[in-house]
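Undergrad: As they're listed, the protein sequences go chains A and B.
Every position in the first sequence, counted from 1, becomes a number in this note's numbering once 14 is added.
Every position in the second sequence, counted from 1, becomes a number in this note's numbering once 82 is added.
Honestly, the hints are just simulated from the structure, not real lab data.
There could be a bad hint or two in this list.
[Stated by the list, open to error] Under 8 Å between C-beta atoms, here's a sample of chain B residues computed to sit facing chain A:
#, residue
1, ASP145
2, ALA150
3, ARG156
4, ASP160
5, LYS162
6, GLY163
7, GLU165
[Stated by the list, open to error] Only some residues are given here: those of chain B computed to face chain A with a beta carbon under 10 Å:
#, residue
8, ALA97
9, PHE209
10, GLY211
Glycine included, each C-beta is placed from N, C-alpha and C at the ideal position.
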Amino acid sequence: MAVSDEQVAALRAFLAFDPDEGVRLTKRLVEVGPVGGYGELVYAAFVTAIRRRFHPGWTIADVIRLVATMRARRLDPGIEIDTRAAEILIRRALGETVAGELGDETEARAQIFLLAELVADEELDDAGLDEFLAQARPLANQLAG
Amino acid sequence: MTMAITDSQVATLRAHLAGNFDEYQRLWADLARPGAKGGYPTLIAAAFFEAADRRFTKGGGTDTDVIAFVGSARSRFDEKGDEIDPHAAEVLIRAVLGDVTETDLDDDTVITTQLTLLTALVLDEQFSGEQLDKFMAEARKLADEWTD
Numbered sequence: 015m016a017v018s019d020e021q022v023a024a025l026r027a028f029l030a031f032d033p034d035e036g037v038r039l040t041k042r043l044v045e046v047g048p049v050g051g052y053g054e055l056v057y058a059a060f061v062t063a064i065r066r067r068f069h070p071g072w073t074i075a076d077v078i079r080l081v082a083t084m085r086a087r088r089l090d091p092g093i094e095i096d097t098r099a100a101e102i103l104i105r106r107a108l109g110e111t112v113a114g115e116l117g118d119e120t121e122a123r124a125q126i127f128l129l130a131e132l133v134a135d136e137e138l139d140d141a142g143l144d145e146f147l148a149q150a151r152p153l154a155n156q157l158a159g
Numbered sequence: 083m084t085m086a087i088t089d090s091q092v093a094t095l096r097a098h099l100a101g102n103f104d105e106y107q108r109l110w111a112d113l114a115r116p117g118a119k120g121g122y123p124t125l126i127a128a129a130f131f132e133a134a135d136r137r138f139t140k141g142g143g144t145d146t147d148v149i150a151f152v153g154s155a156r157s158r159f160d161e162k163g164d165e166i167d168p169h170a171a172e173v174l175i176r177a178v179l180g181d182v183t184e185t186d187l188d189d190d191t192v193i194t195t196q197l198t199l200l201t202a203l204v205l206d207e208q209f210s211g212e213q214l215d216k217f218m219a220e221a222r223k224l225a226d227e228w229t230d
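Can you build the whole structure from these sequences, using the hints too?
TA: This is the structure in structure tokens:
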């Protein structure tokens, strides 16, 4: 099932730091649907953001430094990110096979946190954010089957 | 009865921290003699305490600094990304700062993590030979106090 425009709009609002709109659109998705495929869209956006951030020849040290930097600048007792999980997710998004069982919640929290930070770092304007999501969408469709 | 820290143990850790790896290997082999290693983990712990205290307490460090430092240390020394537990590393530094009073870390994790962090802290200080000697003397004094 391909991702829908409504799902893209909900994620877009979140990434544009428009929380009220994000909450409204997410609520609507839950109430009216479709929900199926949204997780795949978030993951595809995450992978896209990671691949835009890291260049070929990236190292594990680069990954460690990035996660540390992001955690340090968003230090908040309410935003506890599992460092190793975040690093594993990044390395897998870059195509590496990395062992390690990550719990669903741990993975989701790390993924959302990293995605938001990576997109914020890009300082995208409206057109840039649309382009980013358009880039992620084909992968999301592929993952959603 | 726990023995006092020995010259040999101090020399071994000093060689490691100075990056004299041939010397370190030689001295470490000597420590493998029965009974020679005794207080070595305590010396590592004391040196780590001194170095972390110097960096984060006296130097004025925040939680952000701790996270950034652990990231820096791991990026330099954790080649595979799974050798140093970042949570353990941050907890051990926070314990020095008094933010944490108990940990559930096993002894092996504590020692290997402390040694890696200590190495990074000392490297960052860029000690001269004399300064490293002074640092080791302070660490030894603290370790001896702990073993009394």
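Undergrad: A separate judgement is required for each hint: does it hold in the structure or not?
TA: Structure-based check of each hint:
{"no.": "1", "hint": "ASP145", "result": "holds (6 Å)"}
{"no.": "2", "hint": "ALA150", "result": "holds (5 Å)"}
{"no.": "3", "hint": "ARG156", "result": "holds (5 Å)"}
{"no.": "4", "hint": "ASP160", "result": "holds (7 Å)"}
{"no.": "5", "hint": "LYS162", "result": "holds (7 Å)"}
{"no.": "6", "hint": "GLY163", "result": "holds (4 Å)"}
{"no.": "7", "hint": "GLU165", "result": "violated (10 Å)"}
{"no.": "8", "hint": "ALA97", "result": "violated (26 Å)"}
{"no.": "9", "hint": "PHE209", "result": "violated (24 Å)"}
{"no.": "10", "hint": "GLY211", "result": "violated (29 Å)"}
The structure fails to meet hints 7, 8, 9 and 10 from the earlier list, while all remaining hints are met.
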